[in-house]
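Student: Chain by chain, the residues run as shown.
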Amino acid sequence: MTQKMDEQTPPRDASLPETHARTTANAPSIDSSRIAEVSVATAKDELEMREKVFHVEDLAVAYSGNVALRNVTLDVFENTVTAFIGPSGCGKSTFIRCFNRMNDLIVGADVSGTVQYHGMDLYARGVDAVEVRRRIGMVFQKPNPFPKSIYDNVAFGPRALGLKDSLDDRVESCLRRAALWDEVRNRLKDSALGLSGGQQQRLCIARALATEPDVLLMDEPASALDPIATAAIEDLMHDLKREYTIIVVTHNMQQAARVADMTAFFSVEVHDDGHGRNGILVEYDATTRIFTQPADKRTEDYVTGRFG
Amino acid sequence: MSRKTKGNLFVGAMLVCLGISFGTLAWLLGTTLVEGLPAISKQLFTDPPSTVPEEAGARPAILATIYLAVLLLLMAVPIGVLTAIYLEEYARKERWYNRVLELNIQNLAAVPAIVYGILGLAFVVRGPVGVGRVLLAGAIILTLVVLPTVIIPSREAIRAVPDSIRQRGFALGATKWQVVSRQVLPASIPGIATGSILALSRAVGETAPLLLIGALQYVAFDPTVLGPFTALPVQIYTWVKLPDPAFQTLAAAAIIVLLAIVLTMNAFAIFLRNRYRQTW
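Those sequence lines, one after another, are chains A and B.
Read in order, the letters of the first sequence correspond to residues 12 to 319 in the working numbering.
Read in order, the letters of the second sequence correspond to residues 725 to 1004 in the working numbering.
Isolated chain B (complex conformation) (with noise of 0.2 Å):
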């Protein structure tokens, strides 16, 4: 076999590899689309779910999942930044603690879904939290769900930034906090917004610990912080297990309303991205 045959025989090699993943995903929106973009609707957005097909919608478990990635991004995003900044800014390597809670985090990242589901329903809906089964507690364990994959880039974003940043600022007279907070935080947003809106994205799209926690199938109510709820991907779960066909063609739209949800999370955070982006 000549070296050129060698070389082409790669490059459709990758070119099959890409055809699998790519023409998986498009096969999936295809037919997504196909089938759910006819049923999409004001009714989708305006109405609670019904036993009737015609008459069914998604509102409450549209509006929670946009509640619940409020909240995420409120308490996911500052947690994890901040822990980000202790463990490079002020953690002293060669302490035990340090080391014992860095290996823990890289642990955590890999810990299934569900099993954060089983704790949150012992530590947060019943337990010492024990705030029931509302959207609360579904936000404070999706927040430990994604932990871990909003501070691990974001700790990546904080080491990229050149010790010569850190350096100006201290030999101008600014405090530990003042070139952290004016100066490291700034320069490393880029990665760092970049990490949280992929984390949150995932946590949208979490099925398993919300239905673990008791996310009702059911909710024909506006949702509240501390009441109970459903979210996007529960209310698909649920209208793809029953048997009419017409909620499968619901499902499909309600897909469709997630994708988007996802997709514009993405886009803002492409956009962070670009905006922030600086050289040194």
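Next up, chain A with everything else stripped away, as it sits in the complex (with noise of 0.2 Å):
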């Protein structure tokens, strides 16, 4: 299928190899007035010169051997938003959840390659998941806070961790940290149940926040909500990443555009021997860059909305 699509147009770099992620090719300046949304996305140059909080390198995720997404390699930047984009079935669930080590709850699930966060190999042995999991914090796409209180909900992961010192405080900072102290101040003490769709995925965002994580995994965390709780969502993006990493997996291009800095565009190879599809990485540059001048034509292709 790809094949075919190369042949029609060619690519526009022809020097940059297909299927690899550009985080070190050279970036023309550029030109963000082309899409006013994509006007706080910082330049890829600057990007580059953060810290690396994540490292991958020619990742791949089988399934029982079935390969859900291969040949995987680029650089998470520290306080950036990062947003994986493409069809359903590109692998790019499956790969936010490499971040955190969740798909070792899936049995016959097999991680191969590399993934360094702050230069230490997750996936070494003797790293124990469950602390990469404290320091790296996940959203999921539907809310779904404990049957608990607000309170209880955030004091979850502290009191798991045994951080019991002023957990009053701790609880406070993150409902803050998440925008919805004002909300909930005077209910701390009720079931969460009873919040909005919108407020209960802010207090899953305080959850996560609540074991002081470095880095908040997002998988489709707006997609469930209504465009208001959306746009309240991807506000607090915007205000955590002076503090936090982000990296979130969506459905929405429009979304990846208006909150992130870097996109890497996945999309489904298809094998011609019948054996089935896997994800790959096709493209990983500046948001900008991504949405105005994708060097790949199956970038241009899924940005445009011609296909997925």
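Worth flagging that the hints you see were computed from the coordinates, not collected in a lab.
Just so you know, even glycine gets a beta-carbon here, dropped at the ideal spot from N, CA and C.
The calculated label-pair distances, taken between Cβ atoms and stated as ranges, are: (1) B:D887 - A:D237: 20 to 30 Å; (2) A:Y74 - B:P910: 22 to 32 Å; (3) B:M725 - A:S202: 51 to 61 Å; (4) A:R187 - B:Y814: 31 to 41 Å; (5) A:V118 - B:I994: 30 to 40 Å; (6) A:S202 - B:A750: 36 to 46 Å; (7) B:G929 - A:V118: 37 to 47 Å.
Each of the two chains sits in its own frame; use the hints to bring them together as a complex.
Tutor: Shown next as structure tokens:
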């Protein structure tokens, strides 16, 4: 399928390998005024000066021998929002789960390649997945508060870790950072299930912040929410990236354009020999560039809505 | 025959079936209540059995049944629930020994109680454990009888907890045990409680294995955990066998007491289920 596309339109930049992340490519200066929404994105050169929080090299994930995602190489930079976009089945959710070893929980899942977190191999022998998940928080697609009080939801992580000192202050500061404090300060003892969907999702973010992570993984955090609640989550991501590094999986390209500094486009690779399909990383670049001057024809087709 | 008639016939057949099962129960309960209620007196709860019906009570048997229930609760429920947790949360299904374990538990549920009685006589009363014909032996054997009926519903309840509940715990840096104990177990308490208490109710009514390991038919003193004992079903069985009709009346009264104990336990199970029921 991809072969055919390339025949029709030659790649814009033939010197770059087709399926490789372009973190090292020299990007031309970006005219960010071309898309008003992406004006928040920082120029790529500057992003690459930042510290690498994650370095992923030649990552592949298989479920019971079936390859779901392969040949992924990219870096994630500190205090940025990095978005993974792509059609269904492209492996973006599988990929985000590699960063906090959630794939460990799936029987038969096998991760190969390297995922380095501040230079430390997350999959090395002796690395405690539980500790990894404390440092790298995660928010899921569907808001999933515990059927407990608002307070107990935020306090769950600290309690599980034995951080019981000044719990009240910790809960308050996490709720403030998740922009939820003013709405719930008078009903901390009420059930979290009484909150609206958008409030529940912000509570889940507050809950994730309570274990003092430096990375937040968000797997389609707004896809179950209405537009107003979505906007609140996106605003929150802008605020949070000052203190945290955020990786977000999204189906919504406008959302990626609005919130992300860097964007990785994943696609599905169909094998002619009938051995199924798997996800690959097509292109990884500054968001402005992905949406205005993508180097790969497949990226362009996707962001302009021609497929997916 | 018109479609409507067929429908009515089916409803009629269902009502007949309902009538048979419900009618039998009502008749049994009714005759027992009519015969036994007048015999329920303070003496039944305070006095030991006697050869004279007017002086006979069931205090040792009632106490022993309550002791048995408590011991069962302490042994069968933790062992059963922990086994269920192991099989559902920790066991790797591809390992042969876990599959053997599963198969075994399912088969054990179908083994008649008397067989456990024989096993108990050989291993618990005599044999390796050798505690003798004491109340504790009875409790151990009844534990074995009901373990499968605790494990199977507990597993169902644990399996019914959605994976998203486990994941949100893990994603917050909780350990496996923290996820199991703080997320999965509380969410499965209604199912576990119902299964466990129904199993206990069944055990409290068991007679055969207790007779086999030598529950006494005449006990004139309060039971102790490590002493000889009788139990309500055994006491009922003993009284029913006696020729004097006054003892039949006493047996009916004892049945009512046993029923009351079992119904109280079931009511408690329903209370627990409703108290902790949650939706996700």
